[in-house]
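Here are the chains, one letter per residue:
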Amino acid sequence: MKKIFLLVPLAFLSCTHVSPYDKEDLATQKMLAKPLSESAAFESHVFSIREGSFGAEGGFGGGCGCK
Amino acid sequence: MKKLLLTLLILGFSLNAAVVEGDNVKPFKLKMLNSDEMVTNGDLKHRVYLLNIWAQWCKGCKKEMAFFDEIAKDNSLHGFGIVAVNIDKKPKKAIKFVKKLEKKLGHKSNIIFLSDSKKTYAKACEAKAIPISFLIKDEKVLKVYLGSFNTMDKEDELIKEIKAALK
Numbered sequence: 007m008k009k010i011f012l013l014v015p016l017a018f019l020s021c022t023h024v025s026p027y028d029k030e031d032l033a034t035q036k037m038l039a040k041p042l043s044e045s046a047a048f049e050s051h052v053f054s055i056r057e058g059s060f061g062a063e064g065g066f067g068g069g070c071g072c073k
Numbered sequence: 058m059k060k061l062l063l064t065l066l067i068l069g070f071s072l073n074a075a076v077v078e079g080d081n082v083k084p085f086k087l088k089m090l091n092s093d094e095m096v097t098n099g100d101l102k103h104r105v106y107l108l109n110i111w112a113q114w115c116k117g118c119k120k121e122m123a124f125f126d127e128i129a130k131d132n133s134l135h136g137f138g139i140v141a142v143n144i145d146k147k148p149k150k151a152i153k154f155v156k157k158l159e160k161k162l163g164h165k166s167n168i169i170f171l172s173d174s175k176k177t178y179a180k181a182c183e184a185k186a187i188p189i190s191f192l193i194k195d196e197k198v199l200k201v202y203l204g205s206f207n208t209m210d211k212e213d214e215l216i217k218e219i220k221a222a223l224k
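Top to bottom, those sequences are chains Z and Y. Read in order, the letters of the first sequence correspond to residues 7 to 73 in my numbering. Read in order, the letters of the second sequence correspond to residues 58 to 224 in my numbering.
Heads up, a few of these hints could be off.
Unchecked claim - Straight-line C-alpha distance at most 27 Å; calculated DSS-like pairs for lysine-lysine:
#, chain 1, residue 1, chain 2, residue 2
1, Z, Lys-29, Y, Lys-211
2, Y, Lys-147, Y, Lys-161
3, Z, Lys-8, Y, Lys-60
4, Y, Lys-147, Y, Lys-83
Unchecked claim - According to the in silico footprint, chain Z covers these stretches of chain Y (three or more CB under 8 Å from chain Z):
#, segment
5, 109 to 118
6, 172 to 181
Hints were generated in silico from the structure; no laboratory data involved. Beta carbons: idealized from backbone N, C-alpha and C, even for Gly.
Let the hints inform the model, and build the full structure from the sequences given.
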């Protein structure tokens, strides 16, 4: 019985489920990984020059990161 | 003690049961989106209608509104209506969207827009997705549709179901 009382609070400490109707704040532009599309393009350009490679940023391709 | 815990657990789950086909419609009393007029499920008692839960921040929801307007004014579906319950925290954004939609359509929308800014109705229905739609006849849920009709290519299926419900 003691174990149950220990496990119940632990269950509440774990990740929270966000209901679909509560995702309003998550759907905003600022919650995107790259909220500013203009600067994202620029950052991507700088990154590709610095790293000497591009691609594998999601979407198309196999994700190998090679050129 | 174990029995008590189990009963509480079962009770907790049953209180939040999602709406499924064959259930009675969850009672609602909601304000119109652009006026203070209240609409209840009792007002639509003898009608066949599609109750849609949508939000302005949901792209799929906005995409299917033109289709909803089209079927709401369709003469071959006489006696059918669309009730769109908006769950935005700030209904102003949704009102703006509706105005934009009406401008695009070139006429006043045939959809009954309601506001549930506190999401009490969405919570009561335990909406598993946004958008979610319930086809209702005589206060009974005939069908539950998860997701946007446009993206799932389910427009024809819905029209078929509506026609069957109107018979």
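Structure-based check of each hint:
no., hint, result
1, Lys-29/Z <-> Lys-211/Y, "24 Å, holds"
2, Lys-147/Y <-> Lys-161/Y, "23 Å, holds"
3, Lys-8/Z <-> Lys-60/Y, "15 Å, holds"
4, Lys-147/Y <-> Lys-83/Y, "23 Å, holds"
5, 109 to 118, "holds (count 4)"
6, 172 to 181, "holds (count 3)"
Of the numbered hints listed earlier, not one is contradicted by the structure.
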